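Listed below, chain by chain, are the residues.
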Amino acid sequence: MAGRRGREGEMLESLYSALALFFILVACVELCDAATFVDVYRLIQYDLAGVPFGSRLASLNHHAGSSPFVPGADLSRTVVILPVREVNITFLRVKWDYIYEARKSFSAIVSLASKQGRLNLGIGICSIGIEYVTQRQPLGGLLFLLPQQFNPENREETEGEGKNYGKELMKNIFAELEQLLIHANIPYPVYFAFEDDKINAVLADVKRNDATGQPATATTGGMSEDNESSSVPQSGIVTTPSEGEDEELKEFEGNLVYDDAPDEANTSSSRDGQQAQVGELQDPIVPEVFEVVDEPLEYKLVVSAPEPKKLASPSITNIQGWLPGLKADGDVNQLPTIAIVASYDTFGAAPALSVGSDSNGSGVVALLEIARLFSSLYSNPKTRGRYNLLFGLTSGGPYNYNGTLKWLRSFDQRLRESIDYAICLNSIGSWDNELWIHVSKPPDNAYVKQVFESFSDVAEELGVKVGLKHKKINISNPRVAWEHEQFSRLRVTAATLSELSVAPELLESTGGLYDSRHFVNETAVFRSVKLVAESLARHIYGHQGKNIQIFADGSNLAVNPSYIQSWLDLLSRTPRVAPFLSKADPFIMALKKELAEHTVEVNVQHEVLDGMFTFYDSMKARLNIYQVASVTFDLLLLLVLGSYLILLFSFLFITTRGLDDLISLFRRPPSRKVKTA
Amino acid sequence: MTVFHFFNCAILTFGPHAVYYSATPLSEYDTIGTSVKAAVVYLGTALVKLVCLATFLKVPENDSFDPYQESLKALIGFVDVAGLYFALTQLTHRNISQNHKFQAVGLGWAFADSVLHRLAPLWVGARGLEFTWEYILQGLEANANLVFTVSLAALGSLMWLRKNKPRALIPIIYACAGIVATMPSITSYLRRGLGWHLPKVVGFELFASLVMAFISWQLFSACQRPSV
Numbered sequence: 001m002a003g004r005r006g007r008e009g010e011m012l013e014s015l016y017s018a019l020a021l022f023f024i025l026v027a028c029v030e031l032c033d034a035a036t037f038v039d040v041y042r043l044i045q046y047d048l049a050g051v052p053f054g055s056r057l058a059s060l061n062h063h064a065g066s067s068p069f070v071p072g073a074d075l076s077r078t079v080v081i082l083p084v085r086e087v088n089i090t091f092l093r094v095k096w097d098y099i100y101e102a103r104k105s106f107s108a109i110v111s112l113a114s115k116q117g118r119l120n121l122g123i124g125i126c127s128i129g130i131e132y133v134t135q136r137q138p139l140g141g142l143l144f145l146l147p148q149q150f151n152p153e154n155r156e157e158t159e160g161e162g163k164n165y166g167k168e169l170m171k172n173i174f175a176e177l178e179q180l181l182i183h184a185n186i187p188y189p190v191y192f193a194f195e196d197d198k199i200n201a202v203l204a205d206v207k208r209n210d211a212t213g214q215p216a217t218a219t220t221g222g223m224s225e226d227n228e229s230s231s232v233p234q235s236g237i238v239t240t241p242s243e244g245e246d247e248e249l250k251e252f253e254g255n256l257v258y259d260d261a262p263d264e265a266n267t268s269s270s271r272d273g274q275q276a277q278v279g280e281l282q283d284p285i286v287p288e289v290f291e292v293v294d295e296p297l298e299y300k301l302v303v304s305a306p307e308p309k310k311l312a313s314p315s316i317t318n319i320q321g322w323l324p325g326l327k328a329d330g331d332v333n334q335l336p337t338i339a340i341v342a343s344y345d346t347f348g349a350a351p352a353l354s355v356g357s358d359s360n361g362s363g364v365v366a367l368l369e370i371a372r373l374f375s376s377l378y379s380n381p382k383t384r385g386r387y388n389l390l391f392g393l394t395s396g397g398p399y400n401y402n403g404t405l406k407w408l409r410s411f412d413q414r415l416r417e418s419i420d421y422a423i424c425l426n427s428i429g430s431w432d433n434e435l436w437i438h439v440s441k442p443p444d445n446a447y448v449k450q451v452f453e454s455f456s457d458v459a460e461e462l463g464v465k466v467g468l469k470h471k472k473i474n475i476s477n478p479r480v481a482w483e484h485e486q487f488s489r490l491r492v493t494a495a496t497l498s499e500l501s502v503a504p505e506l507l508e509s510t511g512g513l514y515d516s517r518h519f520v521n522e523t524a525v526f527r528s529v530k531l532v533a534e535s536l537a538r539h540i541y542g543h544q545g546k547n548i549q550i551f552a553d554g555s556n557l558a559v560n561p562s563y564i565q566s567w568l569d570l571l572s573r574t575p576r577v578a579p580f581l582s583k584a585d586p587f588i589m590a591l592k593k594e595l596a597e598h599t600v601e602v603n604v605q606h607e608v609l610d611g612m613f614t615f616y617d618s619m620k621a622r623l624n625i626y627q628v629a630s631v632t633f634d635l636l637l638l639l640v641l642g643s644y645l646i647l648l649f650s651f652l653f654i655t656t657r658g659l660d661d662l663i664s665l666f667r668r669p670p671s672r673k674v675k676t677a
Numbered sequence: 001m002t003v004f005h006f007f008n009c010a011i012l013t014f015g016p017h018a019v020y021y022s023a024t025p026l027s028e029y030d031t032i033g034t035s036v037k038a039a040v041v042y043l044g045t046a047l048v049k050l051v052c053l054a055t056f057l058k059v060p061e062n063d064s065f066d067p068y069q070e071s072l073k074a075l076i077g078f079v080d081v082a083g084l085y086f087a088l089t090q091l092t093h094r095n096i097s098q099n100h101k102f103q104a105v106g107l108g109w110a111f112a113d114s115v116l117h118r119l120a121p122l123w124v125g126a127r128g129l130e131f132t133w134e135y136i137l138q139g140l141e142a143n144a145n146l147v148f149t150v151s152l153a154a155l156g157s158l159m160w161l162r163k164n165k166p167r168a169l170i171p172i173i174y175a176c177a178g179i180v181a182t183m184p185s186i187t188s189y190l191r192r193g194l195g196w197h198l199p200k201v202v203g204f205e206l207f208a209s210l211v212m213a214f215i216s217w218q219l220f221s222a223c224q225r226p227s228v
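In order, the protein sequence lines correspond to chains C and Z. If you read the first sequence in this note's numbering, its first letter stands for residue 1, the second for the next number, and so on. If you read the second sequence in this note's numbering, its first letter stands for residue 1, the second for the next number, and so on.
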């Protein structure tokens, strides 16, 4: 009893001293919004051969602003909130030329940088494409709002006829935006967040504030275009080139200006119509002052993050498993091996959101399912084939398949020579009717022919099309566009099965922002699995050209859709950017465990990612949103309080001592007043 | 919000006390000692009150208004009146007139109350980034509290120090003193029983404080008359 009372007393003691605060806090919940926070995901920051790319800052502490802005407004202390839904796709399209140019220079850098050291491109190329960014102003920060459906945490299905149309469009916007952001050097923090009620309310508030402050919003769209087209030639690219690259850069700059010309022509026609309105806009200071008085409250967005640090030697992890074939008695020769390979890691604008459901989650799922199917075949000596099956989950896919290279190099010569062929699975989750087999040997090569024929036979039975694409390897080019090219470089026959018909550029189609679960079709993965497994089985058991279904639906060897679905779901929730995956990451452990379920001699290989990439940490943060008063409000408050105190003083003085005394107070110097008093 | 905002709120919370001291004859007669003594008495009273509250009150589980608990709290609130009585009657002050004595005591009392209850939350909260009207309202509340305390001290000095006062006024004096003394419970009722928001409560407090100040001023001058 006494103890309880003591505890109560203790609680009350602390309670009472803060009693006023407590009550006030309780009452204040309705009075005004308390500070809210949202999870935000930072744009990737990396160096490519010493050249900085991505967002270079992490910490954020600025006021929120929203589009559209009065041109020429100073945004260097504003965080621009930009819902991706509202990004003007046609505008982006117009800017596509720039992006293309930016890309070109990007690849130029890649080749140049290795030879000539550093090249520092400023805001120039980076910020092309989005309205605000085209003004080449430094922003305080940029916050992209992504639709909920891209949220890997959001598990509920939002399928609908109406949405599908928007989806395709959204996907395009995302892909373009992502490429733009990845290939840019952005000197301010860039974050992604998902639209939710909290942030939408904030955005609506910010928009309202901005709108009341800037009565000219209706015309700003045209204005900003205007402004930007005239500003391009002036600011151009902020470059500090070291010796030797001037020519290239000039050419690039020239292109920029040239590309801008049609844009200017477009806008100049509409400019005349806006002339009158422009005249009204000449005095932007007046509304700004009123804005401050009308709206004392604004939002401040704060991310307190430490300076991003370089990640020390990013590691990549390859996982392999074997299904050994049945050796005939007295057979001294090693059995031939067929390798099935998929790279599992991703790269995207936001490392914490790069789940890569299609690229290459679908490939990983297909590989696991194929391993499962063959493990049940190989568990019985009667159905064990005379081929070894090698399953490889490789990392470093986005970086020229660096992990695959390391993995292959770790093989001894005999093993490498025993590989009959390798099938690489890449992006097979969202195709409709046509898959491609990419090879680097000419199509009339015997092995290639055989692989292709076995695939196309099965495809025909499944009612899908398989096309063959041949792309020669240029040994002097460091770019490895397909995983099989790493095999081919080591003279191992290999092919990549993919829905992509064209080889992606570096850091393209690597499972970025848009590559979410919603864009992946389980049935596509299902059919891919069936295609690969069936054609492999026919090759292994020598049933080429015969119409025998080994993995027929309904049999106990059927492809399992729920297995595919659950793994696809898991992969679509797990960001897998290799430098941010630790060696003992739960995901890697899960992959290893799953592979060990079906195969033997599962081996995890840790390697260091080499190449020109350097990554920086801090990919996730918490954004605090504060409602703050402007300094002007504080000044006004001070003024009001000062006058209140002066009035109070005068009132008290007059009532207690009389008006004459008060007047005499000002007549005499204060030092003498004290003496006489 | 910022240090600036903290500064503003501090001015609003503690400024009137200083202005009151310097603008009225209190500063001329150097009554600061009395105020400090009153503040010390306030600290002692607060401690006694704390112990009482801790002993007799249950921890409120929700924000609802519990009449029993609240009346108990109001009763304990009368410890304040006892403290004021002690400060007014028992402390030996230098020879200052009753007029100035109650003002000095009330001022010291209110200032100590403000420091104890408002400075720490202000320091912690008002410097935070998030803007709320809370601390400005709290400052206004401190102003109302100053007026209440001075009124209560005035009524107390009428009750306990002045011997020759008109008989007819005595019940009014006691009633007013009772109302002022129970003011914390009244505001608590408004806030939690009726669910008023803070701005409304503070508005009520300011209004009530002005009314009570006016009434006690009238009473004080009414009692002053026969003695002069």
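Honestly, the hints are just simulated from the structure, not real lab data. Nothing here was measured: the structure is a model prediction, and the numbers come from that model. Any given hint might turn out to be false.
Straight-line Cα separation of at most 25 Å, DMTMM-like style, residue types lysine to aspartate or glutamate; simulated pairs [stated by the list, open to error]:
no.	chain 1	residue 1	chain 2	residue 2
1	C	441	C	505
2	Z	200	C	610
3	C	592	C	610
4	C	198	Z	30
5	C	620	Z	70
Do the hints match the structure? See the list:
1. C:441 / C:505: Roughly 20 Å between the alpha carbons, so the hint for residue 441 of chain C and residue 505 of chain C holds.
2. Z:200 / C:610: Measuring from Cα to Cα gives roughly 67 Å; hence the hint is violated.
3. C:592 / C:610: Since the Cα atoms of residue 592 of chain C and residue 610 of chain C sit roughly 23 Å apart, the hinted pair holds (cutoff 25 Å).
4. C:198 / Z:30: violated, 56 Å
5. C:620 / Z:70: Violated - the C-alpha atoms of residue 70 of chain Z and residue 620 of chain C are around 48 Å apart, more than 25 Å.
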